[in-house]
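Participant: Each chain, written out:
There are 2 protein chains.
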Amino acid sequence: MSAQIKTGQIETVQVNLAERSYSIHVGSGLINTAGDYIAPYLKEARTIIVTDSNVEKHWLAPLQNSLNSHGISSEAIVMEPGEKTKNFTNLEQLVCKLLNAQIERNTVVIALGGGVIGDLTGMAAAIILRGIDFIQIPTSLLSQVDSSVGGKTGINTPQGKNLAGAFHQPKLVLCDTDALKTLPIRELRAGYAELVKYGLIADAPFFDWLEKNGERVLAGDQDAQRHAIVKSCQAKADVVSEDERETGRRALLNFGHTFGHALEAEVGYSGTLLHGEAVAIGSVMALSISERIGICPAGRADRLRAHFAKTNIGYNLHGNAGTDWAAEKLLDHMRLDKKVADAKLVFILARDIGDAFITNEVNDSDILATLNEALEQSGN
Amino acid sequence: MSAQIKTGQIETVQVNLAERSYSIHVGSGLINTAGDYIAPYLKEARTIIVTDSNVEKHWLAPLQNSLNSHGISSEAIVMEPGEKTKNFTNLEQLVCKLLNAQIERNTVVIALGGGVIGDLTGMAAAIILRGIDFIQIPTSLLSQVDSSVGGKTGINTPQGKNLAGAFHQPKLVLCDTDALKTLPIRELRAGYAELVKYGLIADAPFFDWLEKNGERVLAGDQDAQRHAIVKSCQAKADVVSEDERETGRRALLNFGHTFGHALEAEVGYSGTLLHGEAVAIGSVMALSISERIGICPAGRADRLRAHFAKTNIGYNLHGNAGTDWAAEKLLDHMRLDKKVADAKLVFILARDIGDAFITNEVNDSDILATLNEALEQSGN
Chain A
252 MSAQIKTGQI ETVQVNLAER SYSIHVGSGL INTAGDYIAP YLKEARTIIV TDSNVEKHWL
312 APLQNSLNSH GISSEAIVME PGEKTKNFTN LEQLVCKLLN AQIERNTVVI ALGGGVIGDL
372 TGMAAAIILR GIDFIQIPTS LLSQVDSSVG GKTGINTPQG KNLAGAFHQP KLVLCDTDAL
432 KTLPIRELRA GYAELVKYGL IADAPFFDWL EKNGERVLAG DQDAQRHAIV KSCQAKADVV
492 SEDERETGRR ALLNFGHTFG HALEAEVGYS GTLLHGEAVA IGSVMALSIS ERIGICPAGR
552 ADRLRAHFAK TNIGYNLHGN AGTDWAAEKL LDHMRLDKKV ADAKLVFILA RDIGDAFITN
612 EVNDSDILAT LNEALEQSGN
Chain B
252 MSAQIKTGQI ETVQVNLAER SYSIHVGSGL INTAGDYIAP YLKEARTIIV TDSNVEKHWL
312 APLQNSLNSH GISSEAIVME PGEKTKNFTN LEQLVCKLLN AQIERNTVVI ALGGGVIGDL
372 TGMAAAIILR GIDFIQIPTS LLSQVDSSVG GKTGINTPQG KNLAGAFHQP KLVLCDTDAL
432 KTLPIRELRA GYAELVKYGL IADAPFFDWL EKNGERVLAG DQDAQRHAIV KSCQAKADVV
492 SEDERETGRR ALLNFGHTFG HALEAEVGYS GTLLHGEAVA IGSVMALSIS ERIGICPAGR
552 ADRLRAHFAK TNIGYNLHGN AGTDWAAEKL LDHMRLDKKV ADAKLVFILA RDIGDAFITN
612 EVNDSDILAT LNEALEQSGN
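Protein chains in written order, with my numbering: chain A, 252 to 631; chain B, 252 to 631.
Only chain A is shown next, with the shape it has when bound in the complex (with noise of 0.2 Å):
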């Protein structure tokens, strides 16, 4: 569905969605020629950039001397940074921001971030005069493998994540492993297990070369760090393309995050625990699981613990003050969820390491049995 392109050490992962396909770019010095790559998007000699306070101070200045190399002005709207910035009174501030930048049909935002940038202004083009074009410049480990591919949007709300958003495509997403050496090394190890994810759903080789390479991922060799994006892009856009809008098969990609979303709005999306920490806590939870209903060989779940321990990724609930974790408050969390049909919970579980499936047949028994030995396990 979806074609990889080597050009020398830029790679290209193509995105097939009919009129709405699109190329992500991964490589080094992306940010620093950027004008070149967006450039030719442009309907008008200007873009507005959105990005937050930490990234603006390392990316801001190098993409617009790149756009400025082009004739092209920019402004920039600089957010907040963190997982609290995605809600709807941030969301209205952007719009107006935009609006206020004299904003049209024609023009193209550029999201310049992690996830958090990427979501909330994504679903604020998607919104603005009913849509306009945006360009993903992802910054963070986590964005650059998971939300800038698929075109999906959107804010928290109180009553959980990603509960208000639309499917807004990107027109061009350009991934930097450059950004990454900029990056917090928990951000980076956040954005690892998500890497990990796509080796566990349905690329059982790509988790043996994790197991043999990861740690050169994250200690920062460029060259495994793209070949890691663009596995992950290319898995990604190859579920993406047979089902844009997850009616059936791209819920896979959710592996992991039944349970780690329900661990994030027990915290409140406070930065407690990153998205990515939670989606690695849920991934060894989603095989525990499925060794336990009996359907996944035992010793699953142990080999994932032991990778994550050699890469240093968290993989326990942390006893943490402010958190009082309990099973049944998580279960209550699920059951908000959007992924909810009908009342059942769906859960992404797996017959081994690189075969997942999609299941709403999972008693509340075994869901509270996974997570109480998960509370035993971190010694809450």
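Hints should not be assumed to be uniformly reliable.
Simulated coverage check for chain B against chain A, where a stretch passes if three residues somewhere in it have a Cβ under 8 Å from a Cβ of chain A [unchecked claim]:
(1) 345-356
(2) 380-393
(3) 416-428
Here's a subset of chain B near chain A, in silico, CB distances under 10 Å, partners left out [unchecked claim]:
(4) Asn338
(5) Phe339
(6) Thr340
(7) Met374
(8) Ala375
(9) Ala377
(10) Lys403
(11) Thr404
(12) Gly405
(13) Ile406
(14) Gln410
(15) Gly411
(16) Asn413
(17) Arg586
(18) Leu587
Hints were generated in silico from the structure; no laboratory data involved.
The beta carbon of each residue, even a glycine, is placed where N, CA and C say it ideally should be.
On the provided structure of chain A, position chain B as indicated by the hints.
Facilitator: The following block gives chain B in isolation, referenced to the frame of chain A:
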């Protein structure tokens, strides 16, 4: 592009948009028997109704009774009436109320009310869980012939009208002419201006029919109302089927709206001027500027003024204590309106009654002269 099916006192207009196609039923008694029509579209035996406190009084109980008789439970969310409700704050509140009602992807929401309720509920449905189904029961003449056809949803921002929104088609529309009996006469007249618009754009015989029968429509003759609503929905459905996302021909439907939106923006959507009232004034201006430029024979604006005078539709800018109309300020509002492309204002002009076209080649001097002429005639 769309078929018109007569079934006794109920007529049906089909909006053809591939997998997003839907039916608009028009006639008397539709709310009292709504369950018959709605039941086939529900995937669970419950629904959530969004309405406003004016419509609630007359039509919520009949709707709920009919749903009950089909075993469908429903809960109602009641919003404040009026254009001011169409903002980000109320969108957020509505989304949260719907989520608190344990909404799921399969839940269908019903919008029972005028354009404000339809636009706000439609946008909430577009973004909740990235899109759920909704059914529209428009209760004002304006919403029956305009906002219920074509899937444009949205809210206003301080910068202007409908500047944030989504294209989200309803699954079904029920236009009950009984609802027009409980509509204030001022709102009936405002909606009538949109009927006239369809004649002005592309259907001179329909304009002739309105010249003969318009007073019957406004006096509550349900056969005349049904015919006028069906003709209008049909006209809009034909345009929308060709150009769902307004990249071309759909812009014709904005006849009278470039002027009209500027007037509404100036009074701040305060209720001083209803949307249809603004469109009536704007339609006269659109013919007037067409005559001024020399593309339309003289006398057409006067013919429209005569029809509006006969049917008691205001077409002058009222001298309003709180509003100091000024042509330059109105032009500024137009520039911020979303129909601006590359900073050139898009106007819908007419070669004659029933022969409108789209252009962005109107000089500021002609716009200002037309506005000033209208201001002088209104005694401002």
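Participant: Closer than 8 Å Cβ to Cβ for three or more residues is the test here. Does the region 345-356 of chain B pass it with chain A?
Facilitator: holds (count 7)
Participant: Checking hints one by one. Is Lys403 (chain B) an interface residue toward chain A, by the C-beta closer than 10 Å rule?
Facilitator: holds (7 Å)
Participant: Check, residue by residue, whether the region 380-393 of chain B contains three or more positions whose beta-carbon lies closer than 8 Å to a beta-carbon of chain A, and give the verdict.
Facilitator: holds (count 3)
Participant: For the hint on Arg586 (chain B), just tell me whether its beta-carbon gets within less than 10 Å of chain A.
Facilitator: Arg586 (chain B) check passes; min Cβ-Cβ to chain A is 8 Å, inside 10 Å.
Participant: Take the shortest C-beta to C-beta distance between Ile406 (chain B) and chain A; is it under 10 Å?
Facilitator: holds (9 Å)
Participant: Hint Gly411 (chain B) vs chain A: min CB-CB distance below 10 Å?
Facilitator: With a minimum Cβ separation of about 8 Å from chain A (threshold 10 Å), the hint on Gly411 (chain B) holds.
Participant: Quick one, is the Thr404 (chain B) hint okay against chain A at 10 Å, beta carbons?
Facilitator: Thr404 (chain B) check passes; min Cβ-Cβ to chain A is 8 Å, inside 10 Å.
Participant: Take the region 416-428 of chain B, compare each residue's beta carbon with every beta carbon of chain A, and decide whether three or more fall closer than 8 Å.
Facilitator: Coverage by chain A holds here, the residue count being 3 at a Cβ distance below 8 Å.
Participant: Next item in the hint list is Asn338 (chain B). Is there a CB on chain A closer than 10 Å to its CB?
Facilitator: With Cβ-Cβ at 9 Å, under 10 Å, it holds.
Participant: Does Gln410 (chain B) meet its interface restraint, that is, does its C-beta lie within less than 10 Å of any C-beta in chain A?
Facilitator: Hint holds; Gln410 (chain B) Cβ to chain A Cβ min 4 Å, cut 10 Å.
Participant: If you take the shortest Cβ to Cβ gap from Gly405 (chain B) to chain A, is it below 10 Å?
Facilitator: For Gly405 (chain B), the interface hint holds, since the closest Cβ of chain A sits about 7 Å away, which is under 10 Å.
Participant: Grab the minimum C-beta distance from Leu587 (chain B) to chain A and call the hint holds if it beats 10 Å, violated otherwise.
Facilitator: holds (7 Å)
Checked against the numbered hints given earlier, the structure satisfies every one of them.
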